[in-house]
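K.L.:
Each chain, letter by letter, is given below.
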Amino acid sequence: MISLRAILVDPSDNVVTLVQEGRRGDWVVWDEGRVLLNEDIPLGHKVAIYDIPKGRSVVKYGVSIGKATADIRQGDLVHVHNVRSERGKGYSDDKSIS
Amino acid sequence: MIKAYLRPNGTIGVRNHVILLPTVVCANAVAETVSRRVPGVIPIVHPYGCTLDPVANTEMTTVFAGIAENPNVYATILISLGCETVIGEEVLEKARQMGAKCELVTVQDEGDTFSAADAVEKLSIGFTREAASVQRIDCCEADLVIALECGASDAFSGLSANPAVGRASDIMIDMGMTVIISEITEYLGAEHIAAAQACDDEVRQRILDLVAKTEEELAVIDQDCGLLDITPGNIGGGLTTIEEKSLGCIRKGGSRPYMEVVEYGKRPRKKGLVLMDTPGHDIQSLTGMVAGGAQIGVFTTGRGTPTGSPIAPIIKIASNSTVFNRMQRNIDVNAGSIIDGDKSFDDVAQEIVSKVLEVAQGKLTASEIAGHREFALRCMGSLGCIY
Numbered sequence: 001m002i003s004l005r006a007i008l009v010d011p012s013d014n015v016v017t018l019v020q021e022g023r024r025g026d027w028v029v030w031d032e033g034r035v036l037l038n039e040d041i042p043l044g045h046k047v048a049i050y051d052i053p054k055g056r057s058v059v060k061y062g063v064s065i066g067k068a069t070a071d072i073r074q075g076d077l078v079h080v081h082n083v084r085s086e087r088g089k090g091y092s093d094d095k096s097i098s
Numbered sequence: 001m002i003k004a005y006l007r008p009n010g011t012i013g014v015r016n017h018v019i020l021l022p023t024v025v026c027a028n029a030v031a032e033t034v035s036r037r038v039p040g041v042i043p044i045v046h047p048y049g050c051t052l053d054p055v056a057n058t059e060m061t062t063v064f065a066g067i068a069e070n071p072n073v074y075a076t077i078l079i080s081l082g083c084e085t086v087i088g089e090e091v092l093e094k095a096r097q098m099g100a101k102c103e104l105v106t107v108q109d110e111g112d113t114f115s116a117a118d119a120v121e122k123l124s125i126g127f128t129r130e131a132a133s134v135q136r137i138d139c140c141e142a143d144l145v146i147a148l149e150c151g152a153s154d155a156f157s158g159l160s161a162n163p164a165v166g167r168a169s170d171i172m173i174d175m176g177m178t179v180i181i182s183e184i185t186e187y188l189g190a191e192h193i194a195a196a197q198a199c200d201d202e203v204r205q206r207i208l209d210l211v212a213k214t215e216e217e218l219a220v221i222d223q224d225c226g227l228l229d230i231t232p233g234n235i236g237g238g239l240t241t242i243e244e245k246s247l248g249c250i251r252k253g254g255s256r257p258y259m260e261v262v263e264y265g266k267r268p269r270k271k272g273l274v275l276m277d278t279p280g281h282d283i284q285s286l287t288g289m290v291a292g293g294a295q296i297g298v299f300t301t302g303r304g305t306p307t308g309s310p311i312a313p314i315i316k317i318a319s320n321s322t323v324f325n326r327m328q329r330n331i332d333v334n335a336g337s338i339i340d341g342d343k344s345f346d347d348v349a350q351e352i353v354s355k356v357l358e359v360a361q362g363k364l365t366a367s368e369i370a371g372h373r374e375f376a377l378r379c380m381g382s383l384g385c386i387y
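As given, the protein sequences belong to chains A and B, one line each in that order.
Throughout the first sequence, residue numbering follows the working numbering, covering 1 to 98 in sequence.
Throughout the second sequence, residue numbering follows the working numbering, covering 1 to 387 in sequence.
Warning: the hint list may mix true and false statements.
[To be verified] SDA-like cross-link-like pairs, simulated, lysine to any residue; straight-line CA separation at most 20 Å:
hint, chain 1, residue 1, chain 2, residue 2
1, B, K266, B, I2
2, B, K3, B, H17
3, B, K343, A, W30
4, B, K266, B, S382
5, A, K54, A, A70
6, A, K54, A, H81
7, B, K270, B, K363
8, B, K343, A, H79
9, B, K213, B, H192
10, A, K67, B, I235
11, A, K67, A, H79
12, A, K67, B, E215
13, B, K271, B, I2
14, B, K363, B, A196
15, B, K343, A, Q20
16, B, K3, B, A131
17, A, K54, A, N82
18, B, K343, A, L8
19, A, K67, B, E191
20, B, K343, A, I7
21, A, K67, B, H192
22, B, K213, A, E86
23, B, K363, B, M1
24, B, K3, B, E358
25, B, K122, B, Q108
26, B, K343, A, V9
27, B, K343, A, R5
28, B, K101, B, N9
29, B, K363, B, A132
30, B, K213, B, I235
31, B, K101, B, C83
Think of the hints as simulated: they come from the structure by calculation, not from any bench.
Input sequences plus hints: build the corresponding full structure.
P.N.:
So, in structure tokens, the structure goes:
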């Protein structure tokens with residue numbers, strides 16, 4: 001069983017950052033926690049450590065870095081394909097995110 | 001104490017440059033010609049100096065004068081064509097008012113570019129000889145102004161290099177230095193942290209107003225500006241949104257209070273941590289801080305950027321060991337050792353402060369050795385800043 005290192009910045013975060021390249025089926029470990037990867041995840045990218053339902057905040061550094069645009073499962077890659085920034089005028093008019 | 005060049009106006013230089021600064025793009029060739037004839041002088045070529053926009057003209061005048069007055073500059077020779085909208089005499093007067101040793105050569109007054117080059121060459125030789133006789137003497141490190149910058153960031157920038165620079169920033173501020181943090185585009189999503197660190201309500205409100213203004217300007221380009229200030233390289237390095245990038249970026253500022261908010265290219269009046277209104281473009285941002293008097297830059301990078309400045313030595317800090325090992329000749333300090341578990345944040349912070357003091361006393365940085373002298377102004381005009 002391969003186990004990779006990750007960084008949890010703040011205890012309230014729902015993602016960790018991989019410090020090694022991860023493959024589907026690898027275990028990722030940090031402090032007291034661990035998660036099984038559902039997919040390959042590149043170095044420096046984020047993996048969900050809890051399920052994040054569509055529309056909920058992705059939390060890193062203890063604050064929201066954007067909203068999930070799809071249901072994200074524990075162990076999924078969290079990146080531009082399933083997260084969107086909340087900043088910028090006109091965002092509140094965007095109906096694609098509830 | 002550090003060994004540096006004490007200037008007549010009381011500021012201290014860590015370099016002793018003689019620079020050739022065209023006040024308009026049309027005069028660039030004169031600067032280049034003379035730099036080939038007189039080794040050691042630094043030509044600053046650029047595409048600016050003539051626009052129909054009064055706001056842009058005022059800003060260029062301020063920044064050119066600020067560059068001439070940077071304490072690292074022994075003397076400046078301004079080269080004007082003569083008909084441009086940025087008025088050479090105004091730059092000269094402004095630079096001299098601030099204490100700069102500065103002369104102006106105007107091509108159309110000299111006759112042609114050949115005779116202008118001869119005049120600039122004569123001044124260059126005189127200033128270079130004078131500069132060579134100036135010695136470093138004991139100066140107070142508290143008179144250093146340090147510019148902070150991050151560029152080509154990755155997900156590790158906010159986890160290693162930027163927090164290490166933040167601790168270094170705290171140490172340098174406690175030594176009495178001024179530290180300028182910048183790039184308002186990279187405050188989107190993290191402004192609450194800076195606001196909480198403001199020294200008083202006025203500074204707090206200025207920070208929040210500046211971020212709001214920047215967000216409005218960005219919305220002109222694209223309403224969905226959350227993706228605008230994040231580059232393909234940032235995304236490739238694991239950064240997903242501007243909020244995530246900002247939260248990492250702002251860590252460079254450390255924990256000391258924000259004492260002042262200054263306009264682009266202007267001198268800070270306060271010591272301690274100061275925020276300058278600059279865009280996220282690294283070169284534009286650094287040029288603004290150098291015009292504001294910064295003698296040294298501390299610049300973190302995740303993906304690896306080699307850039308420097310014609311005026312200030314720039315110290316590069318890598319966020320990860322992979323990029324440090326790949327770009328060792330472009331990078332000075334490896335904060336990736338924090339990620340690797342080999343060093344603590346305090347170890348790397350101390351390494352950064354030691355590097356700043358060495359560089360202040362003459363040690364060359366990787367970007368100086370590699371010949372990086374990038375120079376760019378922000379695109380500011382009556383319609384606002386174009387990012």
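K.L.:
Is the Cα-Cα distance between K343 of chain B and L8 of chain A 20 Å or less?
P.N.:
Roughly 18 Å separates the two Cα atoms, so the pair holds.
K.L.:
For a C-alpha distance cap of 20 Å, please report whether K343 of chain B and H79 of chain A respect it.
P.N.:
violated (29 Å)
K.L.:
For a C-alpha distance cap of 20 Å, please report whether K213 of chain B and I235 of chain B respect it.
P.N.:
The given pair, whose Cα atoms are some 25 Å apart, is violated under the 20 Å limit.
K.L.:
Would you check the hint for K54 of chain A and A70 of chain A, treating anything up to 20 Å between C-alpha atoms as holding?
P.N.:
Judged against 20 Å, a Cα distance of about 4 Å means the pair holds.
K.L.:
Under the criterion that the straight-line Cα-Cα distance not exceed 20 Å, is the pair K363 of chain B, A132 of chain B satisfied?
P.N.:
Holds, at about 17 Å.
K.L.:
Measure nothing beyond the straight line between the CA atoms of K213 of chain B and E86 of chain A; if it is 20 Å or shorter, mark the hint as holding.
P.N.:
holds (17 Å)
K.L.:
Are K67 of chain A and H79 of chain A close enough, with their CA atoms no more than 20 Å apart?
P.N.:
holds (11 Å)
K.L.:
Is K3 of chain B close enough to H17 of chain B, meaning Cα to Cα at most 20 Å?
P.N.:
holds (16 Å)
K.L.:
Given the hinted pair K266 of chain B and S382 of chain B, is their Cα-Cα distance within 20 Å?
P.N.:
holds (18 Å)
K.L.:
Verify the proposed pairing of K343 of chain B with R5 of chain A, using a straight-line Cα cut of 20 Å.
P.N.:
It holds: about 16 Å lies between the C-alpha atoms, which stays within 20 Å.
K.L.:
For the pair supplied as a hint, K363 of chain B and M1 of chain B, is the alpha-carbon distance within the 20 Å limit?
P.N.:
Cα-Cα ~16 Å, so holds.
K.L.:
With the threshold set at 20 Å, check whether the alpha-carbon distance from K363 of chain B to A196 of chain B stays at or below it.
P.N.:
Distance ~37 Å between K363 of chain B and A196 of chain B Cα, so the pair is violated.
In terms of the numbered hints stated before, the structure departs from hints 1, 7, 8, 14, 30, 31, listed from lowest to highest.
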